[in-house]
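All chains, full assembly: derive it from the sequences and hints.
Going down the list, the sequences are from chains A and B. So for the first sequence, the numbering used here puts the first residue at 1; every next one is plus one. So for the second sequence, the numbering used here puts the first residue at 1001; every next one is plus one.
Keep in mind that the hints were calculated from the coordinates and are not lab data. The beta carbon of each residue, even a glycine, is placed where N, CA and C say it ideally should be. Please note that the accuracy of each hint is not assured.
What the hints assert, rightly or not - Away from chain A, derived, C-beta distances all over 10 Å, residues of chain B:
{"hint": "1", "residue": "Asp1022"}
{"hint": "2", "residue": "Asp1044"}
{"hint": "3", "residue": "Lys1074"}
{"hint": "4", "residue": "Met1105"}
{"hint": "5", "residue": "Tyr1131"}
{"hint": "6", "residue": "Lys1139"}
{"hint": "7", "residue": "Ala1163"}
{"hint": "8", "residue": "Val1192"}
{"hint": "9", "residue": "Ala1245"}
{"hint": "10", "residue": "Glu1258"}
{"hint": "11", "residue": "Gly1292"}
{"hint": "12", "residue": "Gln1319"}
{"hint": "13", "residue": "Gly1320"}
{"hint": "14", "residue": "Arg1344"}
{"hint": "15", "residue": "Gly1416"}
{"hint": "16", "residue": "Ile1431"}
To be verified - So, partial list: chain B residues that the calculated Cβ filter (under 10 Å) puts toward chain A:
{"hint": "17", "residue": "Val1034"}
{"hint": "18", "residue": "Arg1038"}
{"hint": "19", "residue": "Glu1104"}
As the list claims (entries may be wrong) - Pair by pair, the computed Cβ-Cβ distance ranges are:
{"hint": "20", "chain 1": "A", "residue 1": "Asn53", "chain 2": "B", "residue 2": "Asp1022", "range": "43 to 51 Å"}
{"hint": "21", "chain 1": "A", "residue 1": "Glu29", "chain 2": "B", "residue 2": "Gly1106", "range": "39 to 47 Å"}
{"hint": "22", "chain 1": "A", "residue 1": "Arg315", "chain 2": "B", "residue 2": "Gly1106", "range": "32 to 40 Å"}
{"hint": "23", "chain 1": "B", "residue 1": "Tyr1023", "chain 2": "A", "residue 2": "Leu284", "range": "33 to 41 Å"}
{"hint": "24", "chain 1": "B", "residue 1": "Gly1202", "chain 2": "A", "residue 2": "Ser56", "range": "45 to 53 Å"}
{"hint": "25", "chain 1": "B", "residue 1": "Arg1070", "chain 2": "A", "residue 2": "Gly220", "range": "25 to 33 Å"}
{"hint": "26", "chain 1": "B", "residue 1": "Gly1106", "chain 2": "A", "residue 2": "Val398", "range": "30 to 38 Å"}
{"hint": "27", "chain 1": "A", "residue 1": "Asn53", "chain 2": "B", "residue 2": "Gly1320", "range": "52 to 60 Å"}
{"hint": "28", "chain 1": "A", "residue 1": "Gly220", "chain 2": "B", "residue 2": "Tyr1023", "range": "46 to 54 Å"}
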Amino acid sequence: MPDLSTNCAGIRSPNPFWLASAPPANSGEQVQRAFDHGWGGAVWKTLGTPIQNVSSRFGAIQYGGHRGVGFNNIELITDRPLDVNFREIYETKKKYPDHAIIVSLMVESREEWREIIKRSEDAGADGLELNFGCPHGMCERGMGSAVGQEPTVNERITGWAKEFANVPVLVKLTPNVGDILPHGLAAKRGGADGVSLINTIKSLIGVDIDNFVPQPRVGGRSTNGGYCGAAVRPIALHMVGQLARDPNFRLPISGIGGVTNWRDAVEFLLLGSSSVQVCTEVMLKGYRIVEDMIEGLDTYMAEKGFDTVDQMVGRAIPAYSDWGDLDMNYEIVAKIKADACIGCNRCMVACHDGAHQCIHPNPDASSHVPIVDEDECVGCNLCQIVCPVEGCISMEQVDNGFAPATWNQHIGDGAVLRPKKGAH
Amino acid sequence: MDDTSADTAALPPGRSEAVFDDYKPAYTANQARVEANRCLYCHDAPCITACPTSIDIPTFIRKIATDNVRGSAKTIFDSNILGMSCARVCPVEVLCVGDCVYNEMGVPPIQIGKLQRFATDAAFDAGWEYYEAGESTGKSVGIVGAGPAGLAAAHRLRRFGHAVTVYEKRSVLGGLNTTGVAPYKMPAARSVEEVAWVTAIGGIEFKTNTSVPADISWEALEAAHDALFICFGLGPDSRLAVEGAELAGVHGAVDWIEDMKLSTVDTSARRCLVIGGGNTALDVVREAVGLGIPEVTMVYRGTEAGMSGYAHEWAAAKQGGAVASWQTQPVAFVGDGEKVTGVRCIKLDADKKPIVGTEHVLEADLVLLAIGQSKLGDLAAALDGVEVEWGRILCNDDGATGRPGVYVGGDCRNGGKEVVNAVAHGRDAAIAIHARLSGES
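So, in structure tokens, the structure goes:
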């Protein structure tokens, strides 16, 4: 029976699934219900000087009939009185002592940080998360991503927090930067116990094409917001992996960004996260999704032989390399399983229009199965991606007789590369 | 001989067909969008190949998914101007839907007919107009028959700018779409609306209650027009030449269906026998059941597996409560001297040979004969060069007969197929006629 309990930067929880600091973690009543459903932890919606929000606040991308593939919000930090928040944190922690409550914070002055950290710890916080990421509204007031985008400010405020805090401090990083690494290293220099990322991506979710107003609409105007949801997962995975694989970083990571199910969560764990945070999928589907996340992770760990979550954290990191270290002589070609093919020809049109023109109609007109010209196939995966039948197209390795050779080895040592394919 | 325009073809109220509801309810916008998003958007899709009018189905479905319904309907109408009725009456199970690649995956196929109905109904409801008549060419085409083939040809010819006159023997327009389609697929009134929609392109002159050549001779037609398109369908129901055929209560199925759709039929019968095993037989079985006749039995000479009617239609008929007497042949109608009271039948063996000693009487107070319709091809045989075989008028792929300038399409060409086949004939013949009149062939 795998052990799902988690220790992320010293913050312990019965499983790695935390609610992210966001509307689902806005109040004690909500967080307690979430814990009842099985969530292992919750990062309380950011506390600071309570703000006033606008209406409306959310927008979403619909694609192919799926609602909320990408999600955007222009909500700010908590709008509830601080003493109410702290009282509810206290009550919740008392009722759920084994669950993790991490309090997200965003204030300005050193004195304010001291004050709010003390009150958070007094309320029973297991950890603190410094919100240096919010890319809308608060950044216009010099907080949120305005802090996260400036490594020196990040380091300074992290230092204050560490000076005042007795519980672990996570720095929540903004993805609205060219390279995440300097920002992760700044948090480390400031003394952070770990980082959480990504916060939302600065975005404009859409435009009302009938009324010529961007969305979400606030009267006759809108503003940029923070983008999240399933669509941002690849960006988050990259940034998490980028930090996790850097030998100078080596801090615990709480992964955030487009986690919708146990499978997504496993990806974050394999790339170096020791907990994962979820917001959008909960907003769209409710707390109950966690039951499947726990069960799915448990089954996966049992199948893979992982006894603890720690054993899987970062397992995919050694395989995350620079392009120049990829084996140029590794060669695969597409194979179409004839008895699984339904004859939709999507591989053919994708290959012809979007790739390398190597999938063709079957010369035997009685067959609906396209053929792959393997001499021309560059092994790009596009056909496999568009094929609607699971397992119909496989990418299979070709033994071309060439020893493995990377670009860097080719440039540096003259390693021999196989002839190019499809470059005519 | 009357002259009329399409919109005067009003139908009387209280028609028997009014009791039927749609057997495939229309999609709501939400349902259509969800279904449209399931479509795989195949390249060179099998559904297109399966459609006799080659509608670009993946494209029209994608346009529903992107909320470009106006464009979706245009994609349909560009290939099939009767796309609204075809959406309802096509046997999609054996055409586009039957060839959907999802069938190969064991996944329910895309409901192409319902999506097509969604788009084309939206076009009708919104009054979107897509086509206008071409600049007048000074040429004139005569069309014999105002059914699907004739309407499709007329519309396409008007787009080319040719003058069009349609000669129709009935007072109503639309052919079998109006007089023959099972009412749970499409009521007559919807067909009449479609005729009005098609003819809104303008310049199509109708001469109703005009039979060719009885009311106007071939010579007169050829003199009046630069080309002719013959699409006068099939003739009356075939009758069984057996004893008692004249008894009251014995009807030809097509005749009876027309009465049901355009006026009323007596639905007080208790036991109805339908003679035949084709799609007209299946339609009339389902219609008799739907009209509330308690016992409806199909009497067919062959086996269930051997009948020419669609299996999905028979399955639906059975679900409605109909039964069948397979390998059974009527040998005489029995009656009380006035009204039919039953049909004397004999069982047939696997070779459809009577089995001695198996004669029996099936009781009935309504007998509907669905054993085919007579072919009208011989009416055109008077035209030198027009060849007729088994009552069908012969032609090349474009519909051109052996007589220059005379084209043919629809049931009088193929012996009786689907509306969509007739539409394809009409469209393609119009294109060929246009090429001829433009001096291109």
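Verification of the supplied hints:
1. A cut-off of 10 Å between C-beta atoms confirms that B:Asp1022 is not in contact with chain A; the least separation is 25 Å.
2. B:Asp1044, annotated as away from the interface, has a beta carbon of chain A within 10 Å; the closest lies near 5 Å.
3. The beta carbon of B:Lys1074 is kept farther than 10 Å from every beta carbon of chain A, the shortest such distance being approximately 21 Å.
4. Annotated as non-interface, B:Met1105 brings its C-beta within 10 Å of a C-beta of chain A; the closest such distance is 5 Å.
5. With a minimum CB-CB distance of about 28 Å to chain A, B:Tyr1131 clears the 10 Å threshold, and the non-interface call stands.
6. Listed as outside the interface, B:Lys1139 is consistent with that label: its C-beta sits roughly 40 Å from the nearest C-beta of chain A, beyond the 10 Å cut-off.
7. No beta-carbon of chain A comes within 10 Å of the beta-carbon of B:Ala1163; the shortest separation is about 43 Å.
8. For B:Val1192, the non-interface assignment is confirmed: its Cβ lies about 36 Å from the closest Cβ of chain A, beyond the 10 Å cut-off.
9. Distance check for B:Ala1245 against chain A: the nearest CB is about 48 Å away, which clears 10 Å, and the non-interface claim stands.
10. Every CB of chain A lies more than 10 Å from the CB of B:Glu1258, the least distance being 42 Å, so the non-interface label holds.
11. The beta carbon of B:Gly1292 is kept farther than 10 Å from every beta carbon of chain A, the shortest such distance being approximately 41 Å.
12. Taking the minimum C-beta to C-beta distance to chain A, about 29 Å, the non-interface status of B:Gln1319 holds against the 10 Å cut.
13. B:Gly1320, annotated as away from the interface, keeps every beta carbon of chain A farther than 10 Å; the closest lies near 33 Å.
14. Every C-beta of chain A lies more than 10 Å from that of B:Arg1344, the closest at about 49 Å, which supports listing it as non-interface.
15. Consistency note on B:Gly1416: stated as away from chain A, and its beta-carbon is indeed over 10 Å from all of that chain's, at 30 Å minimum.
16. With 10 Å as the threshold on Cβ separation, the claim that B:Ile1431 sits away from chain A holds: the shortest Cβ distance comes to roughly 26 Å.
17. Here the hint on B:Val1034 is kept, as its CB sits about 6 Å from the closest CB of chain A, short of 10 Å.
18. A distance limit of 10 Å between C-beta atoms decides the matter here; for B:Arg1038 the minimum to chain A is near 8 Å, and the interface restraint holds.
19. Given the 10 Å rule on beta carbons, the hint for B:Glu1104 holds: about 4 Å separates it from the nearest Cβ of chain A.
20. Here the CB-CB span from A:Asn53 to B:Asp1022 is close to 48 Å, well matched to the stated 43 to 51 Å.
21. For the pair A:Glu29 and B:Gly1106, the supplied restraint of 39 to 47 Å holds, since their beta-carbon distance comes to about 46 Å.
22. Between A:Arg315 and B:Gly1106, the C-beta spacing of about 36 Å keeps the proposed range 32 to 40 Å intact.
23. Under the hint 33 to 41 Å, the C-beta atoms of B:Tyr1023 and A:Leu284, about 37 Å apart, fit the expected range.
24. Between B:Gly1202 and A:Ser56 the beta carbons are some 48 Å apart, a value that agrees with the proposed interval 45 to 53 Å.
25. In this structure the supplied range 25 to 33 Å holds for B:Arg1070 paired with A:Gly220, their Cβ-Cβ distance being about 29 Å.
26. Between B:Gly1106 and A:Val398 the C-beta distance comes to about 32 Å, which sits within the given range of 30 to 38 Å.
27. Restraint check, A:Asn53 to B:Gly1320: a C-beta distance of roughly 59 Å satisfies the suggested window 52 to 60 Å.
28. The hinted window of 46 to 54 Å between A:Gly220 and B:Tyr1023 holds, with their beta carbons roughly 49 Å apart.
In the structure shown, a violation is registered for the earlier hints numbered 2 and 4, in ascending order.
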